[in-house]
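**Q** Taken in sequence, the protein lines are chains R and L.
Position 304 of the first sequence, counted from 1, bears residue number 304 in full-length UniProt numbering, the numbering being contiguous throughout.
Position 227 of the second sequence, counted from 1, bears residue number 227 in full-length UniProt numbering, the numbering being contiguous throughout.
These are computed hints drawn from the structure, not numbers from a lab.
Note that the coordinates shown come from a computational prediction; the quantities given were computed from them, not determined experimentally.
Just so you know, even glycine gets a beta-carbon here, dropped at the ideal spot from N, CA and C.
Take the hints with a grain of salt, since some may be wrong.
[Unchecked claim] List of simulated lysine to any residue pairs, SDA-like, C-alpha gap at most 20 Å:
{"no.": "1", "chain 1": "R", "residue 1": "Lys-86", "chain 2": "R", "residue 2": "Arg-74"}
{"no.": "2", "chain 1": "R", "residue 1": "Lys-86", "chain 2": "L", "residue 2": "Thr-198"}
{"no.": "3", "chain 1": "R", "residue 1": "Lys-86", "chain 2": "R", "residue 2": "Arg-116"}
{"no.": "4", "chain 1": "R", "residue 1": "Lys-86", "chain 2": "L", "residue 2": "Pro-211"}
{"no.": "5", "chain 1": "L", "residue 1": "Lys-110", "chain 2": "R", "residue 2": "Glu-69"}
{"no.": "6", "chain 1": "R", "residue 1": "Lys-296", "chain 2": "R", "residue 2": "Val-272"}
{"no.": "7", "chain 1": "R", "residue 1": "Lys-296", "chain 2": "R", "residue 2": "Gln-307"}
{"no.": "8", "chain 1": "R", "residue 1": "Lys-222", "chain 2": "R", "residue 2": "Ala-72"}
{"no.": "9", "chain 1": "R", "residue 1": "Lys-86", "chain 2": "L", "residue 2": "Ser-210"}
{"no.": "10", "chain 1": "R", "residue 1": "Lys-86", "chain 2": "L", "residue 2": "Arg-199"}
{"no.": "11", "chain 1": "R", "residue 1": "Lys-86", "chain 2": "L", "residue 2": "Arg-216"}
{"no.": "12", "chain 1": "R", "residue 1": "Lys-80", "chain 2": "R", "residue 2": "Lys-190"}
{"no.": "13", "chain 1": "R", "residue 1": "Lys-126", "chain 2": "R", "residue 2": "Ser-148"}
{"no.": "14", "chain 1": "L", "residue 1": "Lys-110", "chain 2": "R", "residue 2": "Glu-68"}
{"no.": "15", "chain 1": "R", "residue 1": "Lys-296", "chain 2": "R", "residue 2": "Glu-339"}
{"no.": "16", "chain 1": "L", "residue 1": "Lys-155", "chain 2": "L", "residue 2": "Arg-136"}
{"no.": "17", "chain 1": "L", "residue 1": "Lys-141", "chain 2": "L", "residue 2": "Phe-130"}
{"no.": "18", "chain 1": "R", "residue 1": "Lys-296", "chain 2": "R", "residue 2": "Val-318"}
{"no.": "19", "chain 1": "R", "residue 1": "Lys-86", "chain 2": "L", "residue 2": "Lys-110"}
{"no.": "20", "chain 1": "L", "residue 1": "Lys-141", "chain 2": "L", "residue 2": "Leu-166"}
{"no.": "21", "chain 1": "R", "residue 1": "Lys-190", "chain 2": "R", "residue 2": "Gly-44"}
{"no.": "22", "chain 1": "R", "residue 1": "Lys-86", "chain 2": "L", "residue 2": "Thr-219"}
{"no.": "23", "chain 1": "R", "residue 1": "Lys-190", "chain 2": "R", "residue 2": "Asp-178"}
{"no.": "24", "chain 1": "L", "residue 1": "Lys-110", "chain 2": "R", "residue 2": "Pro-29"}
{"no.": "25", "chain 1": "R", "residue 1": "Lys-86", "chain 2": "L", "residue 2": "Thr-217"}
{"no.": "26", "chain 1": "R", "residue 1": "Lys-126", "chain 2": "R", "residue 2": "Glu-14"}
[Claimed, not checked] So the derived label-pair ranges between C-beta atoms look like this:
{"no.": "27", "chain 1": "L", "residue 1": "Phe-212", "chain 2": "R", "residue 2": "Ala-230", "range": "36 to 46 Å"}
{"no.": "28", "chain 1": "L", "residue 1": "Arg-195", "chain 2": "R", "residue 2": "Thr-32", "range": "23 to 33 Å"}
{"no.": "29", "chain 1": "L", "residue 1": "Gly-291", "chain 2": "R", "residue 2": "Thr-32", "range": "53 to 63 Å"}
{"no.": "30", "chain 1": "L", "residue 1": "Val-288", "chain 2": "R", "residue 2": "Lys-86", "range": "36 to 46 Å"}
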Amino acid sequence: MATSSTKSGASFAESGADLELTGISKRFPGFTAIDSLDLQIPAGSFFALLGPSGCGKTTTLRLVAGLEEPTAGRILIGGKDVTDTKPFQRPVNTVFQSYALFPHMTILENVAFGLRRRRIRDAVAKAHEALALVELDHVSSRRPAQLSGGQQQRVALARAIVNRPALLLLDEPLGALDLKLRRQMQLELKAIQTEVGLTFLHVTHDQEEAMTMADTVAVMNKGRIEQMGAPEELYELPRTAFVANFLGQSNLFTGEVVAATADAITVDVGGVPVVVPRARSQRHSGEVAIGVRPEKVTLLTEAPLPQAGRNVFGPGRVTDVSFSGVSTQYLVEVPGAGELVVFAQNMVFGPVVQVGAEVWLSWNADHGFGLDDDPGTVPRFVPDASTESIAIQRRIALEEELEQA
Amino acid sequence: MAFTAFASQTTVEQAPRKRSFVALVLLLPGIAYLLLFFLTPLISLVITSFQEPDLYGDIGDYVTAFRWENYVDAVGEYWPLILRAFGYALVATVLALVISYPIAYFIGVKARRFPLLQSLLLTLVIAPFFISFLLRTLAWKQIMSDEGPVVVFLKSIAVLPSDGHLTGTAFSVIFGLTYNFIPFMTLPLYATLERLDTRYLEAGADLYASPFTVFRTVTVPLSMPGIVSGTLLTFIPAAGDYINASRDFLGSSSTAMVGNAIEANFLVLQNYPAAAALSIVLMAVILVIVGVYVRRTGTEDLV
Ligand SMILES: Nc1ncnc2c1ncn2[C@@H]1O[C@H](COP(=O)(O)OP(=O)(O)O)[C@@H](O)[C@H]1O
Ligand SMILES: [Mg+2]
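Excised from the complex, chain R in its bound form (with noise of 0.2 Å):
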């Protein structure tokens, strides 16, 4: 039998392993999914690939762990090139999305499948152990038939774990926990992961799971890494106007650049003079494209006095108010700028201003970043398709409706 590789090392992973994609692409018949594709996990680390679904996450964690073959590229975990290995020969873990229990299995032996296969000691002591970690033990004689969705998947998840990989793989591991369990089952994850120093990779569609558990982010988009970086740099320096809109929302604006000095920028957009620091832009002449964060930017019923490093919209008028607890969302349509979107803390009792209301707004001129993309593709706003606009669209239109009744 082929354990050779294994039999030997019939202990865990003393430490993560580091994991390296040099020019993978994967093309089905007819499509690609991924499109050469670079990517370095450090030993390790916490590194989230997030995106929309059907951006190819799956396929990427299906090639790491040698359950489909990459059309080109070379796949390296700790040093070694696996590319060409079978996937019960790598020293990896999968929590699957659709968690794959073994159906005719009771749930105590599917958690010491992997550890029996490696002849590891204790097999059952140990599979009872990550049982407890997830709180199922008390089910381990039960069949997965027999349990909850969210139960399946945190024994998907202990399964895994049970192993100690070098790298273990999470494909949407806690999509079908409630909200209080997932947060507990995020720490808990992130603790193990320190503890014992391995290597995740976590996919997720959640920017805010990504953005609290993760040392690294890579968000992706249709088979390509768009950006890649640390939680907090990703947030704040976005180079695509995909990632402004998909970690969080952004005011998104197009000019010409009228002015540039060794600092900043100066892009016009509709006639008003808007500064960039040099450091935070991507490109530095012609049309470009940038944008603010909706909470950077400040709201103000009074035109202000023009004052170095700060950009300046106004007068605009409030078109829709939103409460929402800590903030207040407002929508302040500026001609010439089009429309914007401000968060504001709540610091007094309820919204500063009502719709209608003449303001002006204006931000901190280092808050401001310069994307990649061409200026031609990128959208106004917060992309057409999302749930947001189409409900705002359909409103519109009821109204509409309404009226003509």
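Please build the complex by placing chain L with the ligands on the supplied structure of chain R, with the hints as guidance.
**A** Relative to the frame of chain R, chain L with the ligands by itself:
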């Protein structure tokens, strides 16, 4: 850390079973059918098996009695044929399983992405049914006859001695049984494997199981329903078969099975009680074997 608070105690609840009048009405034809076509001959068979010869009648005239010695006589005379029947049936079933599993796996799993190929291969598996199985078995007798190409070839390469035969040997009978029952094995296996979720196989591979281990610990247990129904559909009729082992087809007197003894007693010797007793013994042994088998393979909770 204790989060037992939200670890809900799930119990699996079955849909409540209602006694339904409609269900009873729908079942009636089936029950009537069973009574008429299964129970009637069975009772008649049991009565016959205890009959004794009519003292004043011709040969073949019997009167109702309770002559249980019929069983002792029949088993005493024919036990080698009973053993042989189960031995041949067992070997043929194992061979059919070994041959059918890869075929069924290929059609049901590997050919999944090519529905046209799948249908074509399935048709090929069923194709033999389009010809009477008597004719097919006779054809094999021709092929394996002493002047046939197979024997000539085997003799030429000295696998078979110059005075050897193929027909009339245990080999040809088991060959015939295996050949004739392969579709009965392949179809139930295919039906199970076609529904096999290959994600479980991937999970096995991800958890360090080699392809062989995945096959042993995941594929086989998950295809157990097909294996059990396939082996039963092969073993039961093969154990009672009297065509393949008949000297008119692939057998000889040294390969006779219990089916041949039943046939001879009914049709030639006109010893109806002996034939009936043998049939009942055959049926009882099969029932016991099947019962033990199904229990051992634990299919109750799989099907
Ligand atoms: N076996 C396959 N054959 C063809 N297309 C596939 C296959 N697997 C995935 N795809 C396609 O590749 C794309 C990426 O899929 P996937 O990696 O599952 O996305 P996600 O990011 O939601 O996990 C999807 O558009 C999907 O339809
Ligand atoms: Mg997916």
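**Q** For R/Lys-80 and R/Lys-190, compute the direct alpha-carbon distance and say whether it is at most 20 Å.
**A** 26 Å, violated
**Q** Within a Cα-Cα threshold of 20 Å, do R/Lys-86 and L/Thr-219 meet the stated pairing?
**A** Holds, at roughly 18 Å.
**Q** Keeping to a limit of 20 Å between CA atoms, is the pair of R/Lys-86 and L/Thr-198 held or broken?
**A** 16 Å, holds
**Q** Does R/Ala-72 sit within 20 Å of R/Lys-222, going by the straight-line distance between their CA atoms?
**A** OK: R/Lys-222 and R/Ala-72 at ~17 Å, within 20 Å.
**Q** When you check the alpha-carbon spacing of R/Lys-86 and R/Arg-74, does it fall within 20 Å?
**A** 14 Å, holds
**Q** Within 36 to 46 Å or not, the Cβ separation of L/Val-288 and R/Lys-86?
**A** Given about 44 Å between the Cβ atoms, the range holds.
**Q** Holds or violated: L/Lys-110 with R/Glu-69, Cα cutoff 20 Å?
**A** 17 Å, holds
**Q** Could you grab the alpha-carbon distance between R/Lys-86 and L/Lys-110 and see if it respects the 20 Å cut-off?
**A** Roughly 18 Å separates the two Cα atoms, so the pair holds.
**Q** Checking one constraint from the list: CA of R/Lys-296 to CA of R/Val-272, max 20 Å. Satisfied?
**A** With a Cα-Cα distance of about 18 Å, the restraint between R/Lys-296 and R/Val-272 holds, given a limit of 20 Å.
**Q** R/Lys-86 and L/Pro-211 were given as a pair; does the straight-line alpha-carbon distance stay at or below 20 Å?
**A** 9 Å, holds
**Q** Straight-line Cα separation of R/Lys-86 and L/Ser-210 no greater than 20 Å?
**A** Given pair R/Lys-86, L/Ser-210 holds - Cα atoms ~9 Å apart, limit 20 Å.
**Q** Please work out if R/Lys-296 and R/Glu-339 have their alpha carbons no farther apart than 20 Å.
**A** 16 Å, holds
Against the hints set out earlier in the document, violations occur for numbers 12, 13, 16.
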